[in-house]
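Participant: For reference, the chains in residue letters:
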Amino acid sequence: MSEVAIRINTPEELESLRDKVISARDPDATVVSVCTGPGCLAYKSHLVAENIEAELEKHGLADKVRVSRTGCHGFCERGPSVVILPRQTCYLRVKPEDAEEIVKTTLVEGGVVERLLYEGSDGVKIELEQEIPFYKHQDKVVFGVNKYIDPMQMDDYLAGGGYRALAKALTKMTPKEVTEEVTKSGLRGRGGAGFPTGRKWDATSRVEADQRYVIVNADEGDPGAYMDRGILEGNPHSVIEGLMIAGYAVGSTEGYIYVRQEYPLAIDHVLYAIDVLRGMGLLGENILGSGFDFDIKVHKGAGAFVSGESSALMSAIEGRVGEPRPKYIRTSVSGLRGKPSSLNNVETMANVPLIIDRGADWYAAMGTEGSKGTKIFSLVGKVLNTGLVEVPMGTTLKQIVFDIGGGMRGGKKFKGVQTGGPSGGVIPEAQLDLPVDFDQLASAGSMMGSGGMIIMDEDTCMVDVARYFLDFLADESCGKCVPCREGIRQLVVVLKRITAGEGREGDIALVEDIAEMMKDSALCGLGQSAPNPVLSTLKYFRDEYIAHIEEERCPAGVCKPLIAYWIDPDKCIGCQKCAKECPVDAISGEKKEPHTIDMEKCTKCDTCFRVCPTKVQAVTKITRAEAEKLGAPRQVEEAGA
Amino acid sequence: MSDTVTFTIDGKEVSADKGTSLLMAARSLGIDIPTLCHHDELADFGACRLCIVEIDKGGWKKIVTSCLYPVEDGLSVETESEKVIRHRRTILELLRARWSEMPRELIEKYQVPEDRMETESTFCVMCGLCVRHCSERKGANVLGFVGRGTERQVVAHEEPALKYCRDCAAENGMECLAVCPTGVVVNDFALSPPHMTPKGTKARPVRARDNENQEEVNKLIGD
Ligand SMILES: Cc1cc2nc3c(=O)[nH]c(=O)nc-3n(C[C@H](O)[C@H](O)[C@H](O)COP(=O)(O)O)c2cc1C
Ligand code: SF4
Ligand code: FES
Ligand code: FES
Chain A
1 MSEVAIRINT PEELESLRDK VISARDPDAT VVSVCTGPGC LAYKSHLVAE
51 NIEAELEKHG LADKVRVSRT GCHGFCERGP SVVILPRQTC YLRVKPEDAE
101 EIVKTTLVEG GVVERLLYEG SDGVKIELEQ EIPFYKHQDK VVFGVNKYID
151 PMQMDDYLAG GGYRALAKAL TKMTPKEVTE EVTKSGLRGR GGAGFPTGRK
201 WDATSRVEAD QRYVIVNADE GDPGAYMDRG ILEGNPHSVI EGLMIAGYAV
251 GSTEGYIYVR QEYPLAIDHV LYAIDVLRGM GLLGENILGS GFDFDIKVHK
301 GAGAFVSGES SALMSAIEGR VGEPRPKYIR TSVSGLRGKP SSLNNVETMA
351 NVPLIIDRGA DWYAAMGTEG SKGTKIFSLV GKVLNTGLVE VPMGTTLKQI
401 VFDIGGGMRG GKKFKGVQTG GPSGGVIPEA QLDLPVDFDQ LASAGSMMGS
451 GGMIIMDEDT CMVDVARYFL DFLADESCGK CVPCREGIRQ LVVVLKRITA
501 GEGREGDIAL VEDIAEMMKD SALCGLGQSA PNPVLSTLKY FRDEYIAHIE
551 EERCPAGVCK PLIAYWIDPD KCIGCQKCAK ECPVDAISGE KKEPHTIDME
601 KCTKCDTCFR VCPTKVQAVT KITRAEAEKL GAPRQVEEAG A
Chain B
1 MSDTVTFTID GKEVSADKGT SLLMAARSLG IDIPTLCHHD ELADFGACRL
51 CIVEIDKGGW KKIVTSCLYP VEDGLSVETE SEKVIRHRRT ILELLRARWS
101 EMPRELIEKY QVPEDRMETE STFCVMCGLC VRHCSERKGA NVLGFVGRGT
151 ERQVVAHEEP ALKYCRDCAA ENGMECLAVC PTGVVVNDFA LSPPHMTPKG
201 TKARPVRARD NENQEEVNKL IGD
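Chains as they are written, first to last, in my numbering: chain A, 1 to 641; chain B, 1 to 223.
No lab work stands behind these hints: they were computed from the structure.
Nothing here was measured: the structure is a model prediction, and the numbers come from that model.
Treat the hints loosely; a few may be bogus.
Stated by the list, open to error - Keeping only pairs whose Cα atoms sit at most 25 Å apart, straight-line, the calculated PhoX-like set for lysine-lysine is: (1) A:Lys327 to B:Lys61; (2) A:Lys327 to B:Lys57; (3) A:Lys64 to A:Lys95; (4) A:Lys571 to A:Lys601; (5) B:Lys18 to A:Lys327; (6) B:Lys57 to B:Lys18; (7) A:Lys539 to A:Lys413; (8) A:Lys398 to A:Lys136; (9) B:Lys62 to A:Lys327; (10) A:Lys539 to B:Lys62; (11) B:Lys18 to A:Lys339; (12) B:Lys83 to A:Lys327; (13) A:Lys519 to B:Lys57; (14) B:Lys83 to A:Lys539; (15) A:Lys519 to B:Lys61; (16) A:Lys591 to A:Lys615; (17) B:Lys62 to A:Lys519; (18) A:Lys64 to A:Lys20.
Chain A extracted, bound-state conformation:
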């Protein structure tokens, strides 16, 4: 380990340490950046790194080429990702056994391993990372440095200008000036609500108190989102530096990082970083000789969705149950232990050093009128390219889905995108040109939320989507207040009933009554936003609800009780594939003769539909009414909770 164990007492000493780190490094030296983020690690990228090191050793290159184990590169879907720096050759889906060829071909001979390059749907291969469409259309201001940083190497962060912003804030700016700079930058909280960060700090700093707290929210309870994890695991110092600057700005000497315990690697990296900083005197008393004292505690949270809510999170740090507090007083005024407390999201914090270092004007030049800077999204679902994506605020949904995401999988049609996590809303195709920022998403009936983006195709039933998210939220509600606990329960009952084909007249009105009431009356943000999936799908896909209720028809062919499988005798060639694969032997027919499905036996597992040759497509999904005309028994699924 090259970690410096010397104490840094002044900004000058910090700069001379930085110079030393930089000059000890040859800028042209080759570095193999191996992603060891969560996605790639699952495909054994740690073995990729080990094997590359062993091969380098074999070729006598161990001193010349460094292997760096970094956080997430972004393109997780094609991981493990290996980028050869500085030439930027990007290898994807790398297996441990590819190490030999990578070292020999690229690092010894200077060539390229063609088969590991990105290949577009047009068959064209691309060598350089920044030219791959997924990366080309991004603007990775916060997340781009991940590939240059080994989170366990302080040197990597220092070499990139680390803690320069802190030194500037502590020695050249007053706390008020720091807050004003952040206010001027237009930075808004990335944790969901988009509250102006500078204004929150200002409010906290104005309250008379003997202690104030600054806290990082790394609860990341949205199951599909992992950008905060990507930042904290990959670049913990950026969050810590942001937190320290926040501490200085609001007049706090004690910071907290609340991390869900499901992120053990993030916790390890943060704890290690804090240790190093304490050893260097960058945490503790009189930091950089400025008179500013500050230290950080890490709190491991139980990781419930509701624990991410500000008052619940602070209760949890206090050692009480992580439930929202029913108080009409901002946590910035009375938060942790009743002291003024400023809570910010991981990504918000990671933006802060950049703003202080490069200035508010630089920052405010990115984004839209009301939302400045960039935003990291976790792009998942039915798009070709999934992963973590960073774009300037105001980038349209179309650009994200089609330019970066590469369009829809399997040539299907885009239907909608759920933004904002489980309690966000669905935005339909007609709004693909929507510039994505806090206000536009809100006015479209959704929200920025955590930055989750789930892309859905034409085979998605929107009533079923609403049911799915409400079902998730039913388990996540803390259960304290009636609107949320009982409201979600009844919404799930009604949505299950509708997707089971048992919807009743008046169900839509009932859903709307409950949803509108929850929005206004639930105690915390969870209950207030929980109806979003229902309200947004009702707004844009009301006809689907009506088709389920009035016509007993699921237009997307998803809701099992409303569809049946039928083999078109005119198309069936009698290949027997489906008959062999059907797990319940519901299909019969002689070879080369049309087959039939016994609808009474059929469990609607979809197997025949999938195995029927694409050229034939004899297996068809039909509606309940059509099936009944063909003599199928009426299948009534148990509706209810």
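Put chain B with the ligands on the given structure of chain A with help from the hints.
Facilitator: Chain B with the ligands only, in chain A's frame:
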């Protein structure tokens, strides 16, 4: 800074001490706001949301719970706006689905629709009155919540229960039962002598009074 604030409730001008809740201010004017989880002698909890009112703060309107919202200068409060009535009706409808014997009065006043929701009476509506009474006023902390969402339950914890419940019940007739709006809380630990409770039980859910335990309950509450 003065210690009183002036504002209006349903058009009437009121002055109240800082820190007073909208609910208390309204009550002092004789304006009735329905509540369930509020108790004058217990800390407010904000769980039932029955006490919602609509405030107007310089043109910015918002639904808030009156039991918790502190009075503010210049506020204009409506206790029965169209929205308040509509939402309160839905809240009552949700509550009745859990509490089939909810008093008719409110159902009739707010014209709560019948038969729209799936009813499964658990009786306990999680108002937390018994829990707060036991901890705030008795300092016993026998009762508490466990579980999330619809799994949430009020339970009695064995250790403090064995220590406090029988004496408390003998002395005052099981006060937690008296504060329960639905008449649910039967704490088995208080009912059965210690040797009767199954070994190893650390916490047991409170349950509804039934034929079996009614007599014993009556004895305890001194009926
Ligand atoms: C149910 C619920 C869950 C939340 N979960 C998170 C979370 O996981 N991470 C987060 O940063 N903010 C979360 N928030 C938002 C926080 O309450 C808070 O607004 C945010 O952390 C403030 O930071 P910011 O201003 O930087 O966005 C959640 C809010 C609610 C209501
Ligand atoms: S809205 Fe839901 S999560 Fe929030 S306090 Fe109420 S029950 Fe708990
Ligand atoms: S985890 Fe490796 S690219 Fe995201
Ligand atoms: S009385 Fe106010 S929330 Fe229950």
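Participant: For each hint, tell me whether it holds in the structure or not.
Facilitator: Hint-by-hint comparison with the structure:
no.: 1; hint: A:Lys327 to B:Lys61; verdict: 18 Å, holds
no.: 2; hint: A:Lys327 to B:Lys57; verdict: 18 Å, holds
no.: 3; hint: A:Lys64 to A:Lys95; verdict: 23 Å, holds
no.: 4; hint: A:Lys571 to A:Lys601; verdict: 22 Å, holds
no.: 5; hint: B:Lys18 to A:Lys327; verdict: 15 Å, holds
no.: 6; hint: B:Lys57 to B:Lys18; verdict: 17 Å, holds
no.: 7; hint: A:Lys539 to A:Lys413; verdict: 20 Å, holds
no.: 8; hint: A:Lys398 to A:Lys136; verdict: 15 Å, holds
no.: 9; hint: B:Lys62 to A:Lys327; verdict: 15 Å, holds
no.: 10; hint: A:Lys539 to B:Lys62; verdict: 23 Å, holds
no.: 11; hint: B:Lys18 to A:Lys339; verdict: 20 Å, holds
no.: 12; hint: B:Lys83 to A:Lys327; verdict: 22 Å, holds
no.: 13; hint: A:Lys519 to B:Lys57; verdict: 19 Å, holds
no.: 14; hint: B:Lys83 to A:Lys539; verdict: 20 Å, holds
no.: 15; hint: A:Lys519 to B:Lys61; verdict: 14 Å, holds
no.: 16; hint: A:Lys591 to A:Lys615; verdict: 18 Å, holds
no.: 17; hint: B:Lys62 to A:Lys519; verdict: 11 Å, holds
no.: 18; hint: A:Lys64 to A:Lys20; verdict: 19 Å, holds
Comparing the model with each numbered hint stated earlier shows that all of them hold.
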